Amino acid sequence: MPIFRLMMLSYVLLNFDKICAKIFYVAIYTYIVSISLVLCHEGVASLVYSKNPLYLYPRVYQILKWYYFNKDLITTGMVIRAMMILFCTHITQSYIWGLQWRSLPKVIFSYLSKIFSFKGSSVSKQNRIVFPAEIEHEKYLFISRVEECTEELIVDLLNYHVSEVTSDNMINLKKVCAIKIGYAMEDMIRNLVKIKAQTSDTKPKD
Numbered sequence: 001m002p003i004f005r006l007m008m009l010s011y012v013l014l015n016f017d018k019i020c021a022k023i024f025y026v027a028i029y030t031y032i033v034s035i036s037l038v039l040c041h042e043g044v045a046s047l048v049y050s051k052n053p054l055y056l057y058p059r060v061y062q063i064l065k066w067y068y069f070n071k072d073l074i075t076t077g078m079v080i081r082a083m084m085i086l087f088c089t090h091i092t093q094s095y096i097w098g099l100q101w102r103s104l105p106k107v108i109f110s111y112l113s114k115i116f117s118f119k120g121s122s123v124s125k126q127n128r129i130v131f132p133a134e135i136e137h138e139k140y141l142f143i144s145r146v147e148e149c150t151e152e153l154i155v156d157l158l159n160y161h162v163s164e165v166t167s168d169n170m171i172n173l174k175k176v177c178a179i180k181i182g183y184a185m186e187d188m189i190r191n192l193v194k195i196k197a198q199t200s201d202t203k204p205k206d
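Going by full-length UniProt numbering, the first residue of the sequence shown is number 1, and it counts up by one from there.
Hints may be right or wrong, so weigh each one.
Computed Cβ-Cβ distance ranges for the label pairs, DEER-style [to be verified]: (1) 61 x 94: 22 to 28 angstroms; (2) 94 x 63: 23 to 29 angstroms; (3) 95 x 130: 45 to 51 angstroms; (4) 24 x 150: 17 to 23 angstroms.
List of simulated lysine-lysine pairs, DSSO-like, C-alpha gap at most 27 angstroms [said to hold, decoys possible]: (5) 139 x 180; (6) 180 x 196; (7) 139 x 194.
Keep in mind the hints are simulated off the structure, nothing from the lab.
All of these numbers come straight from a predicted model, not from anything done at the bench.
Glycine included, C-beta positions come from ideal geometry on N, C-alpha and C.
Could you put the whole structure together from the sequences, leaning on the hints where they help?
Here's what the structure looks like:
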C-alpha cells in the first residue's frame with residue numbers, strides 16, 4: 001500500500017501541470033454547459049443569477065432532477081438542443097484550448113505583414129512608370145546583360161577550388177563583373193541618348 005501511494009504521488013508530481021489543465025478545462029466546460037442549460041430552461045431572465053456558481057450548479061441539479069422525474073415531458077427538440085449544447089461547447093473549447101497562445105502574436109504579426117506587403121506591392125505596381133517601347137527594350141537588354149554577368153560570376157566562383165578562394169581572386173572577379181556591367185550601362189546610356197535625340201528631332205517646331 002505505501003508503494004502504491006508513493007507511485008501515485010510521483011505520478012501527480014510529474015504530471016501536475018497536465019492535471020491542473022484538465023481540471024481547469026472540465027471546470028470551464030461544466031460552467032458553460034450549465035449556463036446554457038439554465039438559459040434554455042428558464043430563459044434570458046435567469047442570466048443574472050446564472051453568473052454565480054453557488055446558484056448555478058444547485059439550480060442545474062434541480063433541473064436535471066425535475067426532468068428525471070418527468071421524463072414524459074421531454075421532447076425530441078429538448079434532447080437535440082441538449083446534445084447540441086454539449087457538442088458545440090466541446091468543439092469550441094477544444095479549438096480554443098488547442099491554440100498555441102505563445103506563437104499567436106507571431107502569427108498575427110506575420111498575417112498583418114502579408115496584408116501590408118500586398119497593399120504596398122499593389123501600390124508600387126500602380127505607380128510603376130511605363131516607358132516607350134524603345135526605352136523598355138534598352139532596359140530589357142541592360143537587365144539581361146547584368147543577369148548574364150552575374151551568372152558568369154557565379155560560374156567562375158564555383159570553378160575555383162576552396163584553396164584558390166583568396167581575397168585577390170575575389171577582387172579580380174568583382175573587377176571583371178563591375179567592368180562588364182559598366183560597359184552594359186554605358187551602351188544603354190548611349191542608346192538612350194540617341195533615342196532622346198531622335199524623338200527631339202521628330203517633334204514639330206513651334
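Now the hints, each set against the structure:
1. 61 x 94: 22 to 28 angstroms: Check passed, 26 angstroms falls within 22 to 28 angstroms.
2. 94 x 63: 23 to 29 angstroms: 25 angstroms, holds
3. 95 x 130: 45 to 51 angstroms: The hinted range 45 to 51 angstroms holds for residue 95 and residue 130, with Cβ atoms some 49 angstroms apart.
4. 24 x 150: 17 to 23 angstroms: 58 angstroms, violated
5. 139 x 180: Holds: residue 139 and residue 180 sit about 16 angstroms apart, inside 27 angstroms.
6. 180 x 196: 24 angstroms, holds
7. 139 x 194: 14 angstroms, holds
Figure legend: structure checked against the earlier numbered hints; the only hint not met is number 4.
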